[in-house]
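S.K.: Using the sequences plus the hints, can you model the full thing?
Chains as they are written, first to last, in our numbering: chain A, 7 to 564; chain B, 167 to 429.
No lab work stands behind these hints, which were simulated from the structure alone.
Some clues are possibly wrong.
Under 10 Å between C-beta atoms, here's a sample of chain B residues computed to sit facing chain A [claimed, not checked]:
hint, residue
1, H274
2, P285
3, P371
Stretch by stretch, here's where chain B covers chain A in the computed footprint (C-beta under 8 Å, at least three residues) [claimed, not checked]:
hint, segment
4, 376 to 390
5, 467 to 473
Built from N, CA and C at the ideal position, the CB exists for glycine as well.
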Amino acid sequence: MTRLRRAGLAPDRGPLAVAAEGPGGLRLLALDPEARALGLRPGEPLGRVRARIGVPLQVHPADPESDRAALLRLCRWAEGYAPGVAPFGPAEAADGFYIDVAGASHLRGGEGPLVDDLAGRLARSKIPARIALADTPGGAFALAGYGTSDRVIVPPGGAAEPLRALPVEALRLDPGTVSGLRRLGLRRVGEVDALARGPLARRFGEALLLRLDQAMGRRPEPLAPLTEEAAYRAARGFLDPIGRQSDIVVTARLLMAEIAPRLEREGLGACALRLVLHRVDGVMRVLDLGLSRPERCPERVAALVSLRLDRLGAGLDAGFGFETVALTVTVTGALSARQTELGAAPQGDGIDALADALAQRLGRPLLRLGARASHIPERADHTLPWTLQCSDSASRKSRRAPSPVRERVGVRDQGSPERSHPSPGSLREQISPARERGPEPQPDSCESHSPLTRAPTSWPDHLPPRPLVLFPRGEAALDVLSTVPEGPPRRFRWRARIHAIVHAEGPERIAAEWWHAPGAARDYYRVECAAGRRLWLYRDGPHAPGRPAAWFVHGVFA
Amino acid sequence: MGLDPTNQTGRDPASGSPRERLAALRAHLAGPGGPAAPRPVLPLGLAGIDAHLPGGGLALGPPHEIAPMEPADAVAALGFVLALCAGRLARTRGAALIAAAPSQPLPHGHGLAGLGLDPARLLLLEGGSDAEVFRALEAALHARALPVLVGLLADGLPLKPGRRLQLAAEGGADGTAPPLLLILRPAEAGLPNGAATRWRIASAPAGRDRFGTLDNPRWRARLERCRNGRGGDWLLEWDHAAHRLRLPEPLACDAAAAGRSRA
Numbered sequence: 007m008t009r010l011r012r013a014g015l016a017p018d019r020g021p022l023a024v025a026a027e028g029p030g031g032l033r034l035l036a037l038d039p040e041a042r043a044l045g046l047r048p049g050e051p052l053g054r055v056r057a058r059i060g061v062p063l064q065v066h067p068a069d070p071e072s073d074r075a076a077l078l079r080l081c082r083w084a085e086g087y088a089p090g091v092a093p094f095g096p097a098e099a100a101d102g103f104y105i106d107v108a109g110a111s112h113l114r115g116g117e118g119p120l121v122d123d124l125a126g127r128l129a130r131s132k133i134p135a136r137i138a139l140a141d142t143p144g145g146a147f148a149l150a151g152y153g154t155s156d157r158v159i160v161p162p163g164g165a166a167e168p169l170r171a172l173p174v175e176a177l178r179l180d181p182g183t184v185s186g187l188r189r190l191g192l193r194r195v196g197e198v199d200a201l202a203r204g205p206l207a208r209r210f211g212e213a214l215l216l217r218l219d220q221a222m223g224r225r226p227e228p229l230a231p232l233t234e235e236a237a238y239r240a241a242r243g244f245l246d247p248i249g250r251q252s253d254i255v256v257t258a259r260l261l262m263a264e265i266a267p268r269l270e271r272e273g274l275g276a277c278a279l280r281l282v283l284h285r286v287d288g289v290m291r292v293l294d295l296g297l298s299r300p301e302r303c304p305e306r307v308a309a310l311v312s313l314r315l316d317r318l319g320a321g322l323d324a325g326f327g328f329e330t331v332a333l334t335v336t337v338t339g340a341l342s343a344r345q346t347e348l349g350a351a352p353q354g355d356g357i358d359a360l361a362d363a364l365a366q367r368l369g370r371p372l373l374r375l376g377a378r379a380s381h382i383p384e385r386a387d388h389t390l391p392w393t394l395q396c397s398d399s400a401s402r403k404s405r406r407a408p409s410p411v412r413e414r415v416g417v418r419d420q421g422s423p424e425r426s427h428p429s430p431g432s433l434r435e436q437i438s439p440a441r442e443r444g445p446e447p448q449p450d451s452c453e454s455h456s457p458l459t460r461a462p463t464s465w466p467d468h469l470p471p472r473p474l475v476l477f478p479r480g481e482a483a484l485d486v487l488s489t490v491p492e493g494p495p496r497r498f499r500w501r502a503r504i505h506a507i508v509h510a511e512g513p514e515r516i517a518a519e520w521w522h523a524p525g526a527a528r529d530y531y532r533v534e535c536a537a538g539r540r541l542w543l544y545r546d547g548p549h550a551p552g553r554p555a556a557w558f559v560h561g562v563f564a
Numbered sequence: 167m168g169l170d171p172t173n174q175t176g177r178d179p180a181s182g183s184p185r186e187r188l189a190a191l192r193a194h195l196a197g198p199g200g201p202a203a204p205r206p207v208l209p210l211g212l213a214g215i216d217a218h219l220p221g222g223g224l225a226l227g228p229p230h231e232i233a234p235m236e237p238a239d240a241v242a243a244l245g246f247v248l249a250l251c252a253g254r255l256a257r258t259r260g261a262a263l264i265a266a267a268p269s270q271p272l273p274h275g276h277g278l279a280g281l282g283l284d285p286a287r288l289l290l291l292e293g294g295s296d297a298e299v300f301r302a303l304e305a306a307l308h309a310r311a312l313p314v315l316v317g318l319l320a321d322g323l324p325l326k327p328g329r330r331l332q333l334a335a336e337g338g339a340d341g342t343a344p345p346l347l348l349i350l351r352p353a354e355a356g357l358p359n360g361a362a363t364r365w366r367i368a369s370a371p372a373g374r375d376r377f378g379t380l381d382n383p384r385w386r387a388r389l390e391r392c393r394n395g396r397g398g399d400w401l402l403e404w405d406h407a408a409h410r411l412r413l414p415e416p417l418a419c420d421a422a423a424a425g426r427s428r429a
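M.R.: This is the structure we're talking about:
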């Protein structure tokens, strides 16, 4: 509910409810205070509720996955208080988290200020929260959920007494056990705790005693804190802030040298790195580096950082210097040890290093030309970001056939997993490698992954000659003079110059692609003018007696 | 740089012909390493032109400047550049990099077939300015990863970037041949620079076969400036079947070729 309001999906006012599929149709799952004030209770069928209350009720479908993600985000945020943060599991209704503040509360001036600070920050973020601090996770959960106050701090060793007054639901029991206890007249934790343990265990099972003991601190309850997300991270703090570019580069090299053995152990390399520079005054500078192939060499990473800093120049603004430099590997790729052949050139021919250097220094990607399956000339080729795959196939081809005579891109082999490197431009989409190796290529990712997942459109073999330079769209030829009405022109003006045609070849008729956009077929002519320039002309639409012919220059031959 | 007084070659006026003395002086000026290995070159495969170029071809490493005769010949000049590219790529592995300043025309992928270029062996880089093109070319020269580098400039090659490119080409001599560096600039932007050769290219009526097609483009190529070589003026024809340059045979009916080709 809070997630919906914070995301702007639900209005700030008015009764709001979240409903989910339950026995007998949709049932209410969660309610906001205004809806509770109307007398609604979780678990009621939505249809009956709508019939009963006379006011409009906003109902949203339940989305447990988003709720879980929101809770994890909150946990990540709470890691600022103490490193051990564990979200609630299904037994605790998954709507909160534990913080293990043992040994960390003095950093905030004690337990009281810590709870105050936490409550204040949550309130400022408009997140309603109940906070309890106790010796055991079970006790803290019970006091937070069923205690009398929003903020409870139990002194060490004093958890048992307030717990005894709480209802038995506070013990994280399954509903069957709770209703069984209530049928026996046991409503308070204290009443249960006073009974003999043997009959209780026989009647309700071991789980009841376990929960009771965990709350009372008689049995340990280990928490499962969130695991560190970025396993490949290194940071270095400086007593004296650093500001010089060479210092940052050296630090980046040292940090990468720290990370490299860990990557090597897993057979991984870094495909994308993030260098975070914390300035003394609290400003953070984030540099994202993309690599064209997985890499774990500290020197190369340092060189890329140096190039990036070169480009930033004064834009980095070191101010009074950086006190912390952290390097995180954000995307990893498989990088296995490769045996080099004696005398053979290294794979990739160093183009990948050049591509990385240009991307860092100029911020511009290397491109290549790709064919597209289209007859319309301006749609038949396009530029794509260069990837290592193209260079591999190009060099393999050239080794096989050194002659350049009409080499064509054939069907490329479906790259083995260790060669499926992302291009710097498409790193963002490649964070989950499992997706692209799915049984069928995803339609949204086939544009950038085409060399990896499917053979690209190859360059057609039998195409009439095409101009060396093609204009994006035809440029109008004016004052056209033709001797034959349906033939090519004899003279025309283009780019403020009269062109007299001495030779013409054609026509080559190219029909419009009706599935893209309707248009007329074009009749293309290759013409040579008296000065020796060769142009590619077309007439828009076939010749018709009553219609003046429109001529366009679409390209220039070499 | 003064002559070393202990060296007798420069002092003895009677030793050999002037040509030999010149060679000896050149060897002396080249320093202790000397002209040990001849510089790698790209021969054009045309004896008439290669004789004009020092070393028998376009030197690999220093920039070669190519300009159209007039603005309308820009595509012809690009065709000549790509023809040289194709010649170099045919002899080696690897790819060519075309670094273009903004608004410079980039080649059409399907039009490269006529020049014998595989589009998969072309890398493109669209720079934001001439300065970015120079930086990209310099980085590529240092990397030694590509056998051909082409810069398409909007404002021409000034002296300082030209010198930087030359230094980058000479550095890193670890046995690998430096790349062929071609600079295509607009017709009007003629600046003094350190280019090894300067060519002016104009389009000429294509050579016709018996079907009268336009498949064999011809270019008027004038070698305006050539360090340690001679200039010249030729009519060149691109053989679209063999993918090489040739000097057209003067046919009886071919008025364009006859009389124009002079060395």
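S.K.: Could you run down the list of hints and mark each one as holding or not?
M.R.: Verification of the hints:
At a threshold of 10 Å, the smallest CB-CB gap from H274 of chain B to chain A is about 4 Å, leaving the interface hint in force. The interface hint given for P285 of chain B holds, since its Cβ lies 4 Å from the closest Cβ of chain A, which is under the 10 Å cut-off. A hinted interface residue such as P371 of chain B counts as satisfied when its beta carbon comes closer than 10 Å to some beta carbon of chain A; here the least separation is about 4 Å, so the hint holds. Counting residues of the segment 376 to 390 of chain A whose C-beta sits closer than 8 Å to any C-beta of chain B gives 6, which meets the bar of three, so the coverage hint holds.
Using a Cβ-Cβ cut-off of 8 Å, 4 residues of the segment 467 to 473 of chain A lie near chain B, which meets the minimum of three, so the contact claim holds.
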